[in-house]
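Student: Here are the chains, one letter per residue:
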Amino acid sequence: MTVTTPAVAPAGADVATLRVVGKQVQAEGVLTLDLAAPSGGRLRDWTPGSHVDLVLPNGLTRQYSLCGDRFDPTTYRVGVLLEPESRGGSAYVHRELAVGDVVGIGGPRNNFPLVPADTYLFVAGGIGITPLLPMVRQAEMLGADWRLLYGGRTRRSMAFLDELSAHGERVLVRPQDETGLLDLAGFLGGPRPGVRVYSCGPAPLLAAMEAACAEWPPYTLRTERFVAADGGAPARTAPFEVELARTGTTVTVDPGSTVLEALDRVGVEVLSSCRRGVCGTCETTVLAGRPDHRDALLDDDERAAGDCMYVCVSRSLDDRLVLDL
Amino acid sequence: MTVTTATATTATATTATATTATVPTSDVDPFSHEVLEDPLPMHAELRDAGPVVLLSRHDVFAMARYDEVHAALVDWQGFQSAAGVGMSNFRYEEPWRPPSLLLEADPPRHDAPRRVLQKVLGPRALRRLHERWRADAEALVDEVLAAGTEFDAVPALTSVFPLRVFPDAVGIGQEGRENLLPYGDHAFNAFGPSNDLVAKGAPRVAELSGWVAAQCRREALAPEGFGADIWAASDRGDITPEMAPLVVRSLLTAGVDTTVHGLSAVLYAFATHPDQWARLRSDPSLSRVAFDEAVRWESPVQTFFRTATTDVRIGDTVVPEGRKILMFLAAANRDPRRWADPDAFDLFRDPSGHVGFGMGIHQCVGQHVARLEAESLLTALARRVRTIELAGPTVRHHNNTLRAWESIPVRMTPA
Ligand code: HEM
Ligand code: FES
Numbered sequence: 001m002t003v004t005t006p007a008v009a010p011a012g013a014d015v016a017t018l019r020v021v022g023k024q025v026q027a028e029g030v031l032t033l034d035l036a037a038p039s040g041g042r043l044r045d046w047t048p049g050s051h052v053d054l055v056l057p058n059g060l061t062r063q064y065s066l067c068g069d070r071f072d073p074t075t076y077r078v079g080v081l082l083e084p085e086s087r088g089g090s091a092y093v094h095r096e097l098a099v100g101d102v103v104g105i106g107g108p109r110n111n112f113p114l115v116p117a118d119t120y121l122f123v124a125g126g127i128g129i130t131p132l133l134p135m136v137r138q139a140e141m142l143g144a145d146w147r148l149l150y151g152g153r154t155r156r157s158m159a160f161l162d163e164l165s166a167h168g169e170r171v172l173v174r175p176q177d178e179t180g181l182l183d184l185a186g187f188l189g190g191p192r193p194g195v196r197v198y199s200c201g202p203a204p205l206l207a208a209m210e211a212a213c214a215e216w217p218p219y220t221l222r223t224e225r226f227v228a229a230d231g232g233a234p235a236r237t238a239p240f241e242v243e244l245a246r247t248g249t250t251v252t253v254d255p256g257s258t259v260l261e262a263l264d265r266v267g268v269e270v271l272s273s274c275r276r277g278v279c280g281t282c283e284t285t286v287l288a289g290r291p292d293h294r295d296a297l298l299d300d301d302e303r304a305a306g307d308c309m310y311v312c313v314s315r316s317l318d319d320r321l322v323l324d325l
Numbered sequence: 001m002t003v004t005t006a007t008a009t010t011a012t013a014t015t016a017t018a019t020t021a022t023v024p025t026s027d028v029d030p031f032s033h034e035v036l037e038d039p040l041p042m043h044a045e046l047r048d049a050g051p052v053v054l055l056s057r058h059d060v061f062a063m064a065r066y067d068e069v070h071a072a073l074v075d076w077q078g079f080q081s082a083a084g085v086g087m088s089n090f091r092y093e094e095p096w097r098p099p100s101l102l103l104e105a106d107p108p109r110h111d112a113p114r115r116v117l118q119k120v121l122g123p124r125a126l127r128r129l130h131e132r133w134r135a136d137a138e139a140l141v142d143e144v145l146a147a148g149t150e151f152d153a154v155p156a157l158t159s160v161f162p163l164r165v166f167p168d169a170v171g172i173g174q175e176g177r178e179n180l181l182p183y184g185d186h187a188f189n190a191f192g193p194s195n196d197l198v199a200k201g202a203p204r205v206a207e208l209s210g211w212v213a214a215q216c217r218r219e220a221l222a223p224e225g226f227g228a229d230i231w232a233a234s235d236r237g238d239i240t241p242e243m244a245p246l247v248v249r250s251l252l253t254a255g256v257d258t259t260v261h262g263l264s265a266v267l268y269a270f271a272t273h274p275d276q277w278a279r280l281r282s283d284p285s286l287s288r289v290a291f292d293e294a295v296r297w298e299s300p301v302q303t304f305f306r307t308a309t310t311d312v313r314i315g316d317t318v319v320p321e322g323r324k325i326l327m328f329l330a331a332a333n334r335d336p337r338r339w340a341d342p343d344a345f346d347l348f349r350d351p352s353g354h355v356g357f358g359m360g361i362h363q364c365v366g367q368h369v370a371r372l373e374a375e376s377l378l379t380a381l382a383r384r385v386r387t388i389e390l391a392g393p394t395v396r397h398h399n400n401t402l403r404a405w406e407s408i409p410v411r412m413t414p415a
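In order, the protein sequence lines correspond to chains A and B.
The first sequence maps to residues 1 to 325 in full-length UniProt numbering.
The second sequence maps to residues 1 to 415 in full-length UniProt numbering.
I should point out that these hints are in silico values taken from the structure, not numbers from a laboratory.
Please note that a few of the clues may not be correct.
Computed list of lysine to aspartate or glutamate pairs in EDC-like fashion (alpha-carbon distance at most 16 Å, straight line) [as the list claims (entries may be wrong)]:
1. B:K119 x A:D300
2. B:K119 x A:E96
3. B:K119 x A:D162
4. A:K23 x A:D118
5. B:K200 x A:D264
So the derived list for chain B, only partly shown, Cβ under 10 Å to chain A, looks like this [what the hints assert, rightly or not]:
6. R91
7. K119
8. A156
9. V160
10. V289
11. D292
12. W339
13. A344
14. D346
15. D350
16. R371
17. V385
One side only, chain B facing chain A, incomplete, derived with CB under 10 Å [unchecked claim]:
18. L40
19. A71
20. D75
21. G176
Just so you know, even glycine gets a beta-carbon here, dropped at the ideal spot from N, CA and C.
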């Protein structure tokens, strides 16, 4: 096979917006979106368990787990469940969003990383299969011992069954209308060392997992709650102002440029390196205003603290940000 | 050196794939003493020869232009590290030590150790060191200037400061710290061919490796520090307890010589560019930019190799699967296709995007540590020193991977 090395990916704007290049129905109420950079260049690297923030054309921001192939550097895939109660997130994705549309992107970030182990037990509930799918592939690649228990309402509502069926007996598919509630205790077996248990799904499943793993060695169980709620402030598409506290200068950042570029235009140089929110070089202290974090570095607590931002990609939720520059 | 554009058949006993392509070929040995003394003319010739060049002496491919080096650095799928980032191909040759879990690993195995170190050495984690390192730098500069204003900057300053602050930050004991530089020097030589520089280090390999391994054990590390943080991550299961000592080893290998030579580079740059020193003195907040500009200009880490995971097309050449490719970070950092007036050390320039710390998933995880060391030392010097000039002939230190100084005699006038 001959591959051509992609040209150097342009910085900034290219990673901040992605184009929908595929939209496929995977199961009843579940579809996948394939996303690529408008230039077709490399996207930010990711690891299994990662999610991205998608800023939809209607202004809402939603988080989705990546469920594609990390060895494909130019495409992200996310799985989206149509929430019956949706107020514009998943309903918008299912009904309005079309191939060719452009979405804003933050991350990928990973709060649910796959740590090294000899044995993995995966438990998915419904759309919670999405972050586990790349984990399953990775466990297989590493030659680890692994099994997956996958529950859903009905067989027809459960995505990716075709791909998973290739793994034979390692995968237990358990639609609730056929087999009832998941037999967690039977699947997990007795507490033992050397095992990592990963689970993603609705809150009742995760609570049951916590209870089922109570006697296991600490740090055995890792969970990610599938957040269905349509929350979160809408991303702003209007320009915002950045005030530089040390000089009193104010710069306007319009939707088409990054804070880093806007600062550069007024001669304020902030050292940068990757310009994709992954290396940490351009970290800048925030004195006032709420940053709209688009980097792949800060964890949830650090984001909530709001005291610093990576100006190569992150933006502002408020009309004005004050930076320690 | 001769560069010829010939129709070369590039096949070795180790690869089944043979490819016939027009690839510029050079007989230069980048690891010869002549080139190590001054690699700049070779960098220019290799850049001009083409996007990729076959180095016939070692039968490896090489890239010296910014775009190609950058593209290879970020493309971990096509250019792997797990077959070694030196000339030796781990697919066929036994590594001289257990491979690094970071530098010499590919995803997925690279993921967990990288995630742990990125947090332990991240800008936020380093905040607690700012004050202490600044004070340490000021104390050292005072000490040195009190002893005299004319001295050799390498033994007096640039190799002293990192060795004073970094081993403490990792949390290793006081004893045997003099082993760190020779160990690192050998590790960086070992990325090259097995030439005289590697032979020079060979007699002490077992002893030095043993000492380093002993420092990485949990019992040997202070209860607070990067080392303890790494072991704590293994308690949480983020890495396994078997991985922890090797992750600590990465710090001890990659974190000492590199910063010593990085600081030497910036000091030499200022000693030879008095106008730039004056500019730094008028605005010490430029010290961050100054250090990165020096890392671009001098590239303390000159080269790393990758291995093609598939037949990779670079320009008109197909590099066959399994072949080694040498990336000249230093040549990329002075590529006139990317940088205006690349040979100038210039604080007005924005050095952002240089590849002196690499790029992509293996980009230097210690870069914020290196920058903090440099910022601390430069700020202290800018406050106390009005002028820096060379006070005698400088002497290079040759290493297969590092661009280094043995001696930089300087004269400083206190402010
Ligand atoms: C001026 C000083 C330094 C320079 C020029 C430098 C340069 C580099 C370069 C070019 C790479 C990329 C290797 C590759 O792509 O294969 C790298 C990786 C690395 N550096 Fe540094 N480095 C410096 C300081 C440090 C320090 C202070 C530490 C430790 C605290 C450190 C630890 C590492 C480690 C562990 C890696 C491997 C990362 C990975 O593969 O994921 N370096 N460094
Ligand atoms: S430049 Fe790398 S995070 Fe902004």
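Student: Next, verify each hint and record whether it holds.
Tutor: We went through each hint and held it up to the structure:
1. B:K119 x A:D300: Holds - the C-alpha atoms of D300 (chain A) and K119 (chain B) are around 14 Å apart, at most 16 Å.
2. B:K119 x A:E96: Distance ~39 Å between K119 (chain B) and E96 (chain A) Cα, so the pair is violated.
3. B:K119 x A:D162: violated, 38 Å
4. A:K23 x A:D118: violated, 36 Å
5. B:K200 x A:D264: Cα-Cα ~48 Å, so violated.
6. R91: violated, 18 Å
7. K119: holds, 9 Å
8. A156: This hint is violated: A156 (chain B) lies away from chain A, its Cβ roughly 28 Å from the closest one there, beyond 10 Å.
9. V160: Hint on V160 (chain B): violated, closest Cβ of chain A at ~26 Å, above 10 Å.
10. V289: Interface hint status for V289 (chain B): holds (6 Å vs cutoff 10 Å).
11. D292: holds, 6 Å
12. W339: Check failed: Cβ of W339 (chain B) comes no nearer than 14 Å to chain A, outside 10 Å.
13. A344: With a closest approach of 17 Å, the A344 (chain B) hint is violated.
14. D346: violated, 12 Å
15. D350: holds, 6 Å
16. R371: holds, 8 Å
17. V385: With a minimum Cβ separation of about 23 Å from chain A (threshold 10 Å), the hint on V385 (chain B) is violated.
18. L40: violated, 23 Å
19. A71: Given a least distance of 5 Å, the restraint on A71 (chain B) holds.
20. D75: Holds. Min distance 6 Å.
21. G176: Given a least distance of 31 Å, the restraint on G176 (chain B) is violated.
Violation of the numbered hints given earlier is confined to hints 2, 3, 4, 5, 6, 8, 9, 12, 13, 14, 17, 18, 21; the remaining hints are satisfied by the structure.
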